[in-house]
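Novice: Protein sequence lines, in the order shown, are assigned to chains A and B.
Using this note's numbering, the letters of the first sequence map in sequence onto residues 1 to 250.
Using this note's numbering, the letters of the second sequence map in sequence onto residues 251 to 375.
You may find that some hints are simply not true.
To be verified - To give an idea of the chain B side of the interface with chain A (calculated C-beta under 7 Å), a few residues:
no., residue
1, P268
2, V269
3, V283
4, P319
5, L321
6, Q334
7, A337
8, V350
9, L352
10, L356
11, Y359
12, V365
Hint data in this document are derived by calculation from the structure and do not stem from the laboratory.
We put the beta carbon where it would ideally sit given N, CA and C, even for glycine.
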Amino acid sequence: MNTLAGGLFAMFEPLVASGLALPLAGVNWHTFFFLVFAAVACGFAVAVVAADNVVRMALYLVLSLGATAGLFFLAGAEFVGAMQLMIYVGGTLVLLVFGVMLTAQAPFVSIKSTAGDRVLAGMVGAALLAVLLQAALSVPAWRKPGAGRVAEPAATPIGMALVGVRVDAPEAGAPAINRRPGYLLPFEIVSVHLLVVLVGAAYLARAKRRKTPRAIEVAASVEPAASVAEHAEIGRDRSRGSSVLAGGRS
Amino acid sequence: MNPAFAVSVPLLGLISEPVSVAHYLVVGAILFVAGVACMAVKRNALGVLMGIELVLNGANVNFVAFASPYLQAEGGRSIGLDGQVFALFVILLAAAEAAVALAITLNFYNNHATVDIDRADDLKG
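Looking at chain B on its own, in the form it has when it is part of the complex (with noise of 0.2 Å):
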């Protein structure tokens, strides 16, 4: 393509080349990030518990990248499987987590008739 077109227009220099690593690491961190907010922010505690899921996805994007044989350059070596089977585990447990702490939210909303975390303070001295 006309180098010069694709100085002007920089999107278009970015569709063009392969993708690395680094681009992976960035998708990860706006997660991560997300994750992050929406635990900080929310006073659902389900919304936090989205949050957490965000967390956790943005850990795995991570592990994927840097096992993948297909983004590493020339001479870079990958991690190879090692990540692939993290982030598995990762996958698992955040299905536990999920469980537990759904469970805890209903409990929670049995005993106290809502779900707002800013009402959980029968343990504040």
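Isolated chain A (complex conformation) (with noise of 0.2 Å):
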């Protein structure tokens, strides 16, 4: 970085020299690179929101995810900003843009809020902006720069972490497989979690064999939106009718 520094700051010396000085050489890369990365994610975040467009949102979203991983690689969280990539962005992220693509007949890809929702959302947005910078300024410890301490970046530690053993910060008088606990039974929790809740969003999502909806369906796709309304009643009250049904004969 210092000599990317100083090989700019040698082609901006004529600028220098004429007194249009560009100070890069006072630049600190890491806090340059952090604000790029910042204004990155904080902006598509707001763009989220303003957007209208489903799948506008959801190409947003992918940026602000995507430099917020910039942002844990430059905390020095490598391995968080890995997994945020891969599972987030890789993974989450793909699974609602299926679900975008699933859904965008043309009535539903971008369905506006009303004016007064969205004046209601800002302020309450900016109240709680203004309460949580506020939270966030008012300790001194949390204002001071940081120091710059670099830990080596691996994986080990997170790894012996989540299996039961810490490795990092051993404490006082503690043997070299310390005491602190460590995240096995999290660890085992959140997985046996995953399982169920995939095997349950697999039972929730089946194709399920009715067709009243999918004539619904197809009507929608081919008629104008202004009648769309008035076949989702009708679809209401048929599975209404068929759950009664249903519910009679079992």
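Put the two chains together into one complex; each comes in its own frame, and the hints tell you how they fit.
Specialist: Written out as structure tokens, the structure is:
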């Protein structure tokens, strides 16, 4: 980074001489990249709120979460940043995009919220932001600039903590395998939870053999948007009727 | 760099200083508020889901910031590995939550032929 800064500074030296100084020598490159990633993350997060088109919202969310992964890398949490990219951006958001594609019939691509809702949400959001910023900036210890202690990037401490052994920060007088609790039990709970959730999701989303909603869906895609509402009404009544019938039979 | 210049252009002063935990907390707060606004405003069920993802990410940014040894001031203590492991758990649970919520949304779409959550009023008395 220092060589990069030096090279850029040499490039701008004529400008420095002419008085249009870009003080690149004083630039903290870690801070510079933090500001870039933070601007992308926050800007696209606000864009998700502002956009009406659901496809664009998905794209903005991908960019925002990717920039957040960059922030994780900058904070020294390389493994978490990699997991953010792999699980969140690569998995969860692909799932969301699948949802968008499956439900993106013409009337539903952009459902506009009313102006009153937007104003109300803006006011509530501004108030919440003011409270959070005040809380974030009120503790002096958090405002001191970081000392820049760089830990060696390695996944070993996290992996060992997940199997129950804490190799980081051993307590005074503790043996090599120290007494601080690891995360074996939460790890097991989370893994079983994930299994149960995926089985449940597959059960919930499985294709059911109902002919009425499918017919409505085809009609909704063929006919103009205005008639979708009444079809939905019919569909609701029919599904109610069929569930009553099913209950009667069982 | 020239201090007078840094004062006259505050953004350059921001660039030349090291990052602190508070910087990350501000980013986390903005992500969180954007997510809450998204959940409140959007009428598309998938938009609400995206708001939840943003909220969880704002929390994750805070966890990672407090866990980072790089951002702690001299003599300050980070929560160390705990924050990173919690961030991992949050990511995993967000994946699980997205799977179930998407399944519910698709089911709702199959039954009602819409994803407008204002139409989900079957249980209204």
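Novice: If you take the shortest Cβ to Cβ gap from L321 of chain B to chain A, is it below 7 Å?
Specialist: holds, 4 Å
Novice: Let's test the interface hint: is any C-beta of chain A closer than 7 Å to that of Y359 of chain B?
Specialist: holds, 5 Å
Novice: Does the CB of L356 of chain B sit less than 7 Å away from some CB of chain A?
Specialist: OK, holds: L356 of chain B within 7 Å of chain A, min 5 Å.
Novice: Given a cut of 7 Å on the nearest C-beta pair, is the interface hint for V350 of chain B held or broken against chain A?
Specialist: Check passed: Cβ of V350 of chain B comes within 5 Å of chain A, closer than 7 Å.
Novice: Taking the closest Cβ pair, is V365 of chain B under 7 Å from chain A?
Specialist: holds, 5 Å
Novice: Hold the hint about A337 of chain B up to the distance rule: shortest CB distance to chain A must be less than 7 Å.
Specialist: With a closest approach of 5 Å, the A337 of chain B hint holds.
Novice: Per the CB criterion, is P268 of chain B less than 7 Å away from chain A?
Specialist: holds, 4 Å
Novice: Regarding the hint that V269 of chain B lies at the interface with chain A, is the smallest CB-CB distance below 7 Å?
Specialist: At 5 Å from the nearest chain A Cβ, V269 of chain B passes the 7 Å test, so the hint holds.
Novice: A closest beta-carbon separation below 7 Å is what the hint needs, so does V283 of chain B meet it against chain A?
Specialist: holds, 4 Å
Novice: Does Q334 of chain B pass the interface hint, meaning its C-beta sits closer than 7 Å to a C-beta of chain A?
Specialist: Holds, about 5 Å.
Novice: Report holds or violated for the interface hint on P319 of chain B, using the least CB-CB distance to chain A and a cut-off of 7 Å.
Specialist: holds, 5 Å
Novice: Quick check on L352 of chain B please, does its C-beta sit within 7 Å of some C-beta on chain A?
Specialist: Since the shortest Cβ distance to chain A is 5 Å, the answer is holds.
When the structure is compared with the earlier hints, no violation turns up for any of them.
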